[in-house]
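Using the hints, position chains B and C against chain A.
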Amino acid sequence: MKNRTKLPNIYLGVILVLMYLPILLVIIYSFNQSKISSVWEGFSLKWYTELFRDASLLQALINSLVLAAASSLNAAVIGTLAAVGMLKVNLRSKGVIEYISTLPIMIPEIILGMVFLVFFSLIGLPFGMTTLIIAHTAFCIPYVYMLVKARLVGLDKSLGEAAKDLGAGELRVFLDITLPLILPAIVSGMLLAFAMSMDDVVISIFVTGVNTNTLPIKIYTQLKTGVTPKINALCTILFAVTVLMGLLSGWLGKINTQKKTVLEENR
Amino acid sequence: MNDIILQLQQIEKRFGDTKVLDGIDLSIKQGEFITMLGSSGCGKTTTLRIIAGLETPDSGRVLLEGRDVTNEEPNKRNVNTVFQNYALFPHMSVESNIGYSLRLKHIDKATIKKTVAEALDMVQLSGYEKRMPGELSGGQRQRVAIARALVNKPKVLLLDEPLGALDLQLRHQMQTELKRLQKRLGLTFIYITHDQEEALNMSDRIAVMREGQFEQIGTPEQVYDMPLTSYVARFVGSANILSGNVSAIDEQSVAFNCQGVTVFAARRDAPISIGQTVTMAVRSEKINLTPQGAGETGLHAVVTEKSFSGGVLHIIVTLDDGSELVSSRHGIDSPLAAGDSVTVSWKPENAVLVDL
Amino acid sequence: MKLDDTPVPLPWQRREKRFSHNGKFILTVLPLYIFTLAFVAGPLVYMFILSFLQRAEVWGVIGKFTLKNYTDILDPVYLKTFWESIKLAVLTTALTILIGYPFGYFMAKLSAKWKSRMMLFLMIPFWTSSLIRLYGWIIIFRANGPLDKALMFLHITDAPLKLLYTYAAVVVGMVYALVPFMIFSVYSSAEKLDWSLIEAARDLGANPMQAFLTVSLKLTLPGLLSGVVLTFIPSMGLFFIADILGGNKVVLVGNVIQEQLMKAHNWPFAAALAVVLTILTSVMIYLYRRLAKVKDLEGLV
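Residue numbers (full-length UniProt numbering), protein chains in the order written: chain A, 1 to 267; chain B, 1 to 356; chain C, 1 to 301.
Simulated from the structure, these hints should not be mistaken for lab results. It is possible that some hints are incorrect.
Have a look at the derived ranges for each label pair, beta carbon to beta carbon [stated by the list, open to error]: (1) A:Gly-95 / C:Thr-71: 33 to 41 angstroms; (2) C:Asn-248 / A:Ser-44: 32 to 40 angstroms; (3) C:Asp-75 / A:Leu-183: 48 to 56 angstroms; (4) B:Ser-309 / A:Val-153: 50 to 58 angstroms; (5) C:Lys-68 / A:Trp-40: 27 to 35 angstroms; (6) C:Ile-26 / B:Ile-241: 53 to 61 angstroms; (7) C:Ala-56 / A:Ser-44: 47 to 55 angstroms; (8) B:Asp-195 / C:Ser-282: 52 to 60 angstroms; (9) C:Ala-56 / A:Gly-154: 50 to 58 angstroms; (10) B:Asp-269 / A:Val-153: 51 to 59 angstroms; (11) C:Ile-86 / A:Ser-44: 45 to 53 angstroms.
A virtual CB, placed ideally from N, CA and C, is assigned to each residue, including glycine.
Next up, chain A with everything else stripped away, as it sits in the complex (with noise of 0.2 angstroms):
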């Protein structure tokens, strides 16, 4: 009995360093004396003051978040609005548009890329930070848009009309009711939108202009043709800031799971 019930984590446990392993391994180097990762010459850290002196690397940072926050606050506000409308109206062409506007993240990002490519071309657009935006907001609508619909799915519909029988007007419905019941799904979807932004290298590669790195596009290119070890660097900065950054939503949510469990133990 009591193995069987072990087996079960160890596996989860095994798995998950396997997943750790990669990035573990990034990080340790990071702190290498040497250029030549395959060898361990002791500790340093002199990769992360060369870090921030190239300029042309904390360029394509910043052009990484620039372009992760536009693409996703565009996608909040199209995707909200939208999920929001499209419960309310009745149109025929519903389904197909919706059909269609989650196609970004249901086909492969190579076609997406390559489509956005001759499409651009054709209307005459300059790539640039404009077509990479246009292109991220195309597969970040979807993110915000499935978490809202959802959300708003399982919403109690008597909430709204509760408002309504107290005297609300449709806005006020939505902005004293809807809105701050669906902003949790709203700020999920928009974190996912920023993460899967910062992270696209394939649709990227396609619709940027020569002067326009994005993060991403750069650690690529330096994988092809040979990594110094401030990408080493880098990369760690950014893991460090994920795990904060996750540490800081999981601690938000149980902080909220907590007040809820004592609240319904108490009733």
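What follows is chains B and C alone, placed relative to chain A:
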């Protein structure tokens, strides 16, 4: 002076191919406690939603104090609803929930605070202002929902099975409280339930609904003692239904032939003639069972089952034609046992003629 | 009191009211309509048209109809590429199921506290840039890298394996990148599972394996299927993993498309390849919907 506060005229409503409401009419007096009683899917909730403005009828009119409000938005009519699941806003405190309609009217904060405190006091929840709905028990949520609907001083309060989610004991307690509150405020309540006991207990009038129509509208006594149809008789207090051809009529009673035996029922106003087929309802507690051969005349039956619930013993008997009747009486046991042959009888005045 | 003074609205007046109600909300869906039509539907339609056009001598396209791009795909070289891509995708998907399904299933059995912890453990690598994680594998696979050293230390091998730039490395990279999708899909399905059903099956005489096959597997099938879609489709197009971990040894449809676009500048041919790939993936999604009888992919977001 007319004290009719709400009128429904020939309301019809379809959802797709199903006709939910089939031309209903109802007039409700100021200060009345009226209950719409029916099984699920009979159209009672739709009726309530049409009164609240959450649904628009396909035809017919809703008049509130003589004014046509049929197409008015819910936020424009002075009618409030206590929702079945309470519909308390989960992200607002009790105070904000109750004060919501007042804030929409831009009433000053001090007045809102005072009004909310009064409303909470009225439902005996003083001191719960800062609690969130998630922190309340079912009964407390119920009270907040009532306070929230009442704070707006509505002309009519609509209650959609408000006690459905509560346990039995709390339900009885809340029934009394609600009734008391309604009397004290002199407010018109339109109440929905599928629980006939609740309806009988609380209402001034009961409207029994079935398939989008009212089967009978009357006081609890009328509905219980003088059901107009076999459906009402069965639904309100589970009566036994028998039918046969009329063989004799006198001033008080009608004799008819049922499974070869002549039985009697009280006469009612409707015209009746010999040879006509009639249906009769008799409540289980009015049915007597006597062992076969004890000299009593009546229908022949065999005891099939005995069960005890709620201080009442139910004896189920099977008639010669295979149909079942229930007889109930107080007490734990009777000398009758399963398999015994019995004679089924009742006093003519306890049997009512009904429409099928 | 005269009740009949109030006019009954005529049917068309009612309809107008309903229409204006719709009108207000049309404004909220308008941005999505415009964006989707202009930047999703438009480009896709253009790609489709492009696949039937001729390429110009040096650069660009000529507006003449041709089927040459599609007949070119029938060239054994490209057919082989498609076949290799599908083979790799199938292998990747099978391995993600093998690794991801038990993970998601066991995870759903944990206590609520450990479930949320596990979720966090999974989210951190998932949110970490896929390139960083890929780079980690380069370090591991590199000749004389940690893996070689560990294996030689344990005397399992006595020379560096030179794993980098092999088919195996690509498979590992693919599985590693895609296994979280499988885990999330299976988990979200298994989490909804009513475990008392399994107990009921056991109670009715099923052995653990029978109970799993008849109850658990059946009820988590939607999650498993959506996991298959979520790993199969991307694995057809993740050319950069093949690029980085496979060197030039593993060529997938994605790599061909990229090459035709960026190097050969034969856009119509790239478009034709993409159309075929899109049709392949659409068939997958269609089959999934038929099998799982659901519209949205489970655990996708």
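Going through the earlier hints one by one, which of them does the structure break, listed in rising order? 4, 5
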